[in-house]
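Got two chains here, each in a separate frame; can you build the complex from them with the hints?
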Amino acid sequence: MSKLGIDPVKVHRARLAAERIANDIQLHIDRRTTTAVERATLRLMGIDGATEVGIPLPNVVVDQVLQDGRLGMGIAFWLANAVIYYQVSPQEAAEQVALGKIELTRVPIQDEGALREEIQKLAQYGLDKICAKKQERDEYIKKLGQGAEPLLYVIVATGNIFEDVKQAQSAVRQGADVVAVIRTTGQSLLDYVPYGATTEGFGGTYATQENFRIMRKGLDEVGEEVGKYIRLTNYCSGLCMPEIAAMGAMERLDFMLNDSMYGVIFRDINMQRTFVDQYFSRMINGFAGIIINTGEDNYLTTADAFAAAHTVTASQFINEQLALKCGLTEEQVALGHAFEINPELENSFVYELAQAALARELFPKSPLKYMPPTKYMTGNIFKGHVQNCLFNMASIMSGQSIHLLGMLTEAIHTPHIADRYLALENAKLVFNAMRGFAEEITFKTDGIIQKRANKVLNDAVIFLEEVADMGLMEAISKGMFADIARSPKGGKGLDGVIFKEPDYYNPFVDAMLGRR
Amino acid sequence: MEVDLTRIKPYGDTLNDGLMQLSFTLPIDLGDEAAEAARQLVGKMGFDEPKVVFSQSLGKGFSFYIVYGRCRETIDITTIRVEKVNVNVLSKKEIEDFIKQSLGRSINVIGACIESDAHTVGIDAIMNMKGYNGHKGLESYKGINALNLGAQVTCEELAARAMEIKADAVLISQVVTQKDIHIANLTRLIEILEAEGVRDKLITVVGGPRIDHALAQELGYDAGFGPGTYAEHVASYLVHEIHNRQRR
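Residue numbers (the numbering used here), protein chains in the order written: chain F, 575 to 1090; chain B, 112 to 359.
Chain B with its partners taken away, still in its complex shape (with noise of 0.2 Å):
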């Protein structure tokens, strides 16, 4: 049997089984009705056929459950469209050549975790020159002044460094999204360059492991980089975003 791209769902062993698995707790005691309303909590959720597989008492009030279950939702991928950050990704070698050739200058990328964010993680692994996995980061890269200003930096203290060193482009990491506060800390930055008047000057980027490029464009970033980004996927974004505002 082909899969049929007009209604996709899942595989378990045999082609549109729809087998699932769930695990989640209930804010209950573990018990013969507790199980039995996870289960039907499943079939709530459009699974046929839900088995709670393990169940287990967390203590007084909480119990944790595995679920199987047949998933009766289809999905036609034919019609789905994601707005991703599209680009031609270079390496290392063959960005410093395109900034050499193309761009005929050197490049001043600056970067930080803006306001409350205090996890460096993200940042260090794109800028910092051991970069992450292997992949070095933006200050190896000839070309690039790379400056990375780490944690808890205010977006008043970002704007200024930025028109300071007269960057072409900024980054901000934003790890902690408990509450959204990355919203809030991401939409304040925007702001301020705008008050500022150097928010078409600057390329803007954000990543983090809760970012991608949709929510990026839609809180007035340019591009937005999620998990599994390396320097080398940033780099060529700049490297082109650069070159394509320069012959506007």
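Only chain F is shown next, with the shape it has when bound in the complex (with noise of 0.2 Å):
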């Protein structure tokens, strides 16, 4: 029963463009593969390390095949091809390569039931590696239980992956169920993943896959400790995405900041690269039982929170499409939203209550992500800690599924240990308070909430079919998303995007889309 009196025609409306949306971008990504893309598939079959002057191996064979023009193939045909000439590990012949004793496309071509046999095999690798993850998380979920929900979300960033393990571990004993390890700025734009434990970084440390170890297994020790299971989270975005989606699904990783346009808007990344890019990172989070985290809370931190608040809703509809085709399912799809209103606007907790409410009604089964103040909030820590309450009620009156906590000292500095102490207090207190409000409210017909509620669905509608017509690349280049506009030819990354040649063969699309 809709609290909010929204029209279903309207709901269904929006699902049709943002599909259309989806199946046009769909065409684009279906003819192309990336670097990224290529790299991840290597990391899948088990190839890691780097050189002596750190280049990751993963780099190192694909450039080299890049290089020779015939990346369009898919590097595992190239890698299985190697593997049976030379009769080596995966893991040798990328050494090979790096030593320049193996040119892959040189290597003679061996039979074509064969090489579809070796590719199957290494595939394998990485398949059973992230199945045993995932039952390693379902045994832990069922021997230590969760958090309710809304799930307490906090964030460490102190550049040093040993420091974030002792300030996420004093989180959790403070009740926290989810940690984020930020990264550091400017990793986003590294069109590679550095290699080893990291302990420097400015607003964060680099997400490598032995720092994604090191917190796994501060997380475990310190879940067994409280009698829960502590998800961890990472980001799954940038240059890089594909491949640290297969770190994070070999890592155990739990949820992944994966939206399908952040970077192309907020990083100026090519959006012919992040749309291929996006798809196969999400293909494999999905089959990895990760839970993505779409990023629609930052288009209010340049576009104004009231007035944009249906490209928010927009933006929901198309995440949840393009999310859907790489095979997650609703429950594995977090939307996100934020509460960044002007708080000196008269009724702005009554709009952010309405905004929250819409997102909760339009999208059922998701595990929305709800992010907290950050663009008012000033310095002044004892208005942001109520800032933040609101915020919390906010989140309990409208069935909110992943609540990230607000920091009082947000627009200062990285957390403190005790600023995350006081925000997790601070929700514990809100929750407890106000844990059956929900169910006792039901909205004023054509009161404030519903009629915003009906406008914001409105004008998505309006939107989206608008974008479906014109097509997403055209939209982004017009700026219709954030106020930002992009080029597809512009932005960084679109050298590492090659069209498929005919015999392009991946083996993990099949395999984790379930189509064999």
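No lab work stands behind these hints, which were simulated from the structure alone. Among the clues, some could well be false.
[As the list claims (entries may be wrong)] Chain F is faced by these chain B residues, among others (derived, beta-carbon under 7 Å):
| no. | residue |
| --- | --- |
| 1 | Thr136 |
| 2 | Phe175 |
| 3 | Gln263 |
| 4 | Ile292 |
[What the hints assert, rightly or not] Label pairs and their in silico Cβ distance ranges:
| no. | chain 1 | residue 1 | chain 2 | residue 2 | range |
| --- | --- | --- | --- | --- | --- |
| 5 | B | Lys277 | F | Glu905 | 49 to 59 Å |
| 6 | F | Lys1063 | B | Lys253 | 25 to 35 Å |
| 7 | F | Arg680 | B | Lys277 | 47 to 57 Å |
| 8 | B | Val164 | F | Asp581 | 48 to 58 Å |
Cβ coordinates follow ideal geometry from the N, Cα and C atoms, glycine included.
Below, the structure is given as structure tokens:
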């Protein structure tokens, strides 16, 4: 039963338009691969490590084939071919490539049947590993249980992975359910994933496979101690989206920030690249049972949260449709939104509640990810604590699922250990005090909330149909999202986009989408 | 009793009671000794009668305290001078009129978050059409050609684009200040502008939550703006500075 009195026909129209948008983008995706997709493929086949000068082996191997102009076949073909011919392991083959002893495209082409078989065998490594991690997660949850929704989500951002573990464990002991390790500013624009444990970075540290492992271990330990499964989050975004997905799937991450347009709009990554990358990365996340978090909250840091609310709703529909194409279920798509209306606006809380309730009604199965106020945080920590309290109330009143805690020191520094404690205490107090509140209330017919929700939905439908008519790339070029315009040929990473040859093959697509 | 400006101290509920609140975390388990340690620490900091009013364990190895104490120190405010951007702040309309009447040409302003910094909130608030909190950004000003390059722009790229559009002013935003990364970034830009021989042709302005005018000047910038700055503050400074330079 709709509390908001929204028109189901409008909702249907929004989904249809979003589906048209997604279908159009899929035509682009299906014809192309990228260097990052092929590197992720290598990682899933067990290739890891870096050269003496620190270049990751997946980059070395992919770049060699790219330079020879044959990456359009897919890297799996060339790797399997060399593995058969030289009778070496994939890792040995990659090391030989790095030493300049193997040039993959010059290796005599082996029998087609044998190649197919070898490719499947190589792929099995990653598939088995991911399945084992999925099972491990299921067993942990069965044994330890998990926190109640809204899940309390905190970030750690010391810049040193070992310090991050201490802060994360402290937060869990205070009640946190989810820990996100913030990446160093700038990683999204690196066209490789650094190797090994890192103790440096600004506003966070590098996402590396070793860092994933270190934090995973830290959270499992403290999870046993407090008696619940603690979810680990990182950033599956930027130029290495698919590789991060592969690494996260193999190290049992639980949530990944994984938006279809974020990098294009906010990091000026080329859109042709990102659309292909997001597809492959989401496919891996889907297969690995990872819940993706989309980034609509970011729109509101540049555009006005009140005036641009419908673009958030529209983007949620687009993110949903694109995600469903990658084999994710609705339960795996945590659509994002945020509490970012200017608090000085009269009835700002009432409008926030309308928006949050609207997201809940439009996406009933999505574990919605709700982001705290940041834009209007001032450095007045006392006022900030009240703003966060209002945010906590909106969350429990509208049935949000994943609740990123607001820090009273937002706009001052990355959180101190006590800031996180105060935020957790605030949220726990509000959630407990208002646990049954949502079920007790209805919204007045044609009151402020119903009217606002219906207006936002209506504007979103018009917006989506306009985008569907012109195509998503054109819409982004016109600055229709977040007031930022990006062109299809601009931004970083276009040189890593390659047309597939007719015989292109990637074993993970069929396997992960269950097409075999 | 009158306030003695040569001997200022904090005010709780009585003049010169010196009462202040502190909160902090110690990297030790909570216990009676830990709370006493927190109390003594505040005493050592120059507070009389420190009182721990609240303590809380943050789990293994960490404990949190709220402490009140009476500050012993006083400050003579009559001797204090602060470096600030000295400018008569005009309204948007007044700035537009000033450009038309006093400058007689439109001005070119380029802005970016440089190097590692990916946080565009500040530069967007100053430059983008919508601005922030009801204060329209520079893009909306008649007579100002504003070009916001956005996040993670290298110093080289910024310098090249500034020369290409014949910029009158460069606006730099630095939000991330962990481990003083902003100092390194800001220094690098000035070095590059000097190497290109364009440092003196440009008005260089830096802004951010941890930036002030004194820091900006120390790093070789013409002006620095901190929290609470809107587009009209920056624009007022720019048009006056361009006007002054034209007259020289």
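Do the hints match the structure? See the list:
1. Thr136: With a closest approach of 5 Å, the B/Thr136 hint holds.
2. Phe175: Cβ of B/Phe175 sits 5 Å from chain F, so the hint holds.
3. Gln263: Hint on B/Gln263: holds, closest Cβ of chain F at ~6 Å, below 7 Å.
4. Ile292: Since the shortest Cβ distance to chain F is 5 Å, the answer is holds.
5. B/Lys277 x F/Glu905: 49 to 59 Å: holds (55 Å)
6. F/Lys1063 x B/Lys253: 25 to 35 Å: Cβ of F/Lys1063 to Cβ of B/Lys253: about 32 Å, so the range 25 to 35 Å holds.
7. F/Arg680 x B/Lys277: 47 to 57 Å: holds (52 Å)
8. B/Val164 x F/Asp581: 48 to 58 Å: holds (54 Å)
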